[in-house]
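> One-letter residues, chain by chain:
Number of protein chains: 2
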Amino acid sequence: MSELINPFDDNYFMRQALQEAEVAFEEEEIPVGAVVVWKNRIIARAHNQTERLSDVTAHAEMLAITAAANAIGGKYLKDCTLYVTMEPCTMCAGAIFWAQVSKVVFGAADLKRGYERLDPPVLHGKTEIVRGIMQAECQAIVDEFFQKLRK
Amino acid sequence: MSELINPFDDNYFMRQALQEAEVAFEEEEIPVGAVVVWKNRIIARAHNQTERLSDVTAHAEMLAITAAANAIGGKYLKDCTLYVTMEPCTMCAGAIFWAQVSKVVFGAADLKRGYERLDPPVLHGKTEIVRGIMQAECQAIVDEFFQKLRK
Numbered sequence: 001m002s003e004l005i006n007p008f009d010d011n012y013f014m015r016q017a018l019q020e021a022e023v024a025f026e027e028e029e030i031p032v033g034a035v036v037v038w039k040n041r042i043i044a045r046a047h048n049q050t051e052r053l054s055d056v057t058a059h060a061e062m063l064a065i066t067a068a069a070n071a072i073g074g075k076y077l078k079d080c081t082l083y084v085t086m087e088p089c090t091m092c093a094g095a096i097f098w099a100q101v102s103k104v105v106f107g108a109a110d111l112k113r114g115y116e117r118l119d120p121p122v123l124h125g126k127t128e129i130v131r132g133i134m135q136a137e138c139q140a141i142v143d144e145f146f147q148k149l150r151k
Numbered sequence: 001m002s003e004l005i006n007p008f009d010d011n012y013f014m015r016q017a018l019q020e021a022e023v024a025f026e027e028e029e030i031p032v033g034a035v036v037v038w039k040n041r042i043i044a045r046a047h048n049q050t051e052r053l054s055d056v057t058a059h060a061e062m063l064a065i066t067a068a069a070n071a072i073g074g075k076y077l078k079d080c081t082l083y084v085t086m087e088p089c090t091m092c093a094g095a096i097f098w099a100q101v102s103k104v105v106f107g108a109a110d111l112k113r114g115y116e117r118l119d120p121p122v123l124h125g126k127t128e129i130v131r132g133i134m135q136a137e138c139q140a141i142v143d144e145f146f147q148k149l150r151k
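Protein chains in written order, with UniProt numbering: chain U, 1 to 151; chain P, 1 to 151.
There's no promise every hint is true.
Copies of the same chain look alike in the list, so a pair counts if it fits in one copy or across any two.
What the hints assert, rightly or not - Below 25 Å or equal to it, Euclidean Cα-Cα: the simulated SDA-like pairs (lysine to any residue) are: (1) Lys151 x Glu26; (2) Lys78 x Leu149; (3) Lys78 x Ser54; (4) Lys151 x Glu137; (5) Lys78 x Ile43; (6) Lys112 x Glu137; (7) Lys103 x Asp119; (8) Lys78 x Arg52; (9) Lys78 x Lys112; (10) Lys126 x Ser54; (11) Lys126 x Asp110; (12) Lys78 x Ile30; (13) Lys103 x Ser54; (14) Lys78 x Phe146; (15) Lys78 x Glu28.
Worth flagging that the hints you see were computed from the coordinates, not collected in a lab. Here the structure is a predicted model, which is why all the values come from computation and not from measurement.
Build the full structure now, drawing on both the sequences and the hints.
The structure is reproduced here in structure tokens:
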């Protein structure tokens with residue numbers, strides 16, 4: 001008997017988010033990427049564009065949330081999962097809360113600016129959170145970016 | 001001897017932010033308004049547009065920060081003051097941090113969703129904060145909005 005394999009697991013979608021981070025890297029942006037998934041379909045994908053847009057609010061998650069709301073035709077992302085390569089910052093976690101995103105999956109932790117430091121917790125208690133998917137790869141691309149910057 | 005009166009004080013600019021909140025009220029948006037001031041000049045003004053844009057990220061402060069960055073031609077708002085009728089939420093405070101806004105002036109407190117509940121503090125320690133300017137008026141327009149909604 002062979003086991004059925006679901007190709008659409010958290011690793012699959014994180015790999016898509018990581019592809020977005022790679023696009024950001026090529027564009028000399030801090031390489032963070034995000035996708036929003038609804039019923040196993042990617043309805044939005046985005047990468048950090050703070051430099052290109054000269055706008056601190058243009059984090060991957062913010063752009064992905066706005067794009068997903070456009071795709072759905074409503075501002076709440078209740079049955080959606082946000083995949084993002086880095087732990088969201090305070091701003092992005094606030095947006096995730098307002099958008100009522102059901103599930104958040106992130107890769108690398110961000111001990112300095114990540115939302116998980118904050119008390120009381122920023123995300124809704126019912127939000128499902130999965131941490132550390134493809135953590136090494138998600139961290140490596142950011143490390144590589146900053147090493148290159150310092151040269 | 002007569003005293004010189006500076007017409008451009010915190011009350012003056014908060015009144016401008018409140019005018020933006022009034023526009024939001026007319027548009028059936030939660031009535032919050034904001035302006036960004038640089039050298040006594042308003043370089044951006046915005047009101048909450050979450051309904052119109054169907055986008056939870058379209059808070060007055062977020063739109064004002066993006067518009068101010070466009071006006072300045074750079075993403076940092078170092079010598080700017082943000083006036084906003086309500087205490088910023090977690091998301092907006094995160095954006096204020098990233099934008100390095102020098103001074104934040106808000107009207108009414110938001111005990112439920114405001115950033116001041118959070119620990120560690122979300123804003124930079126050097127950010128000047130002025131609370132409660134035109135507090136009664138800023139709160140009244142929000143109360144009126146929700147009373148009207150319940151009818």
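> If a hint holds in the structure, say so; if it does not, say that too.
We went through each hint and held it up to the structure:
Taking CA atoms no more than 25 Å apart as the test, Lys151 paired with Glu26 passes inside one copy only; the shortest distance there is 17 Å, against 54 Å between copies. Proximity of Lys78 and Leu149 under a CA criterion of 25 Å is satisfied inter-copy only: 23 Å between copies versus 38 Å inside one chain copy. Only between protomers do Lys78 and Ser54 lie at most 25 Å apart by alpha-carbon distance; the minimum there is 14 Å, versus 30 Å within a single protomer. Within a single copy, Lys151 and Glu137 get their C-alpha atoms as close as 21 Å, which meets the 25 Å cut-off; across copies the closest is 53 Å, which misses it.
Proximity of Lys78 and Ile43 under a CA criterion of 25 Å is satisfied intra-copy only: 13 Å inside one chain copy versus 36 Å between copies. Proximity of Lys112 to Glu137 under the C-alpha cut-off of 25 Å is restricted to the intra-copy arrangement: shortest distance 19 Å within a copy versus 37 Å between copies. In this homomeric assembly, Lys103 and Asp119 come within 25 Å of each other (Cα to Cα) both inside a single copy, at 20 Å, and across copies, at 24 Å. For the identical chains of this complex, Lys78 and Arg52 are inter-copy neighbours only, at 19 Å across copies versus 30 Å inside a copy, given an alpha-carbon limit of 25 Å.
For the homomeric pair Lys78 and Lys112, the shortest alpha-carbon distance between copies (21 Å) is at most 25 Å, but the shortest distance inside one copy (28 Å) is not. Taking CA atoms no more than 25 Å apart as the test, Lys126 paired with Ser54 passes between copies only; the shortest distance there is 23 Å, against 34 Å inside one copy. For the homomeric pair Lys126 and Asp110, the shortest alpha-carbon distances inside one copy (22 Å) and between copies (23 Å) are both at most 25 Å. In this assembly of identical chains, the alpha carbons of Lys78 and Ile30 lie at most 25 Å apart only when taken from different copies (21 Å versus 28 Å within one copy).
In this assembly of identical chains, Lys103 and Ser54 lie within 25 Å of each other by CA distance solely across copies; the values are 20 Å between and 29 Å within a copy. Within a single copy, Lys78 and Phe146 get their C-alpha atoms only as close as 35 Å, which misses the 25 Å cut-off; across copies the closest is 24 Å, which meets it. For a Cα distance limit of 25 Å, the shortest separation of Lys78 from Glu28 across copies, 23 Å, qualifies, whereas the shortest one inside one copy, 33 Å, does not.
Hint compliance for this structure: every hint is met.
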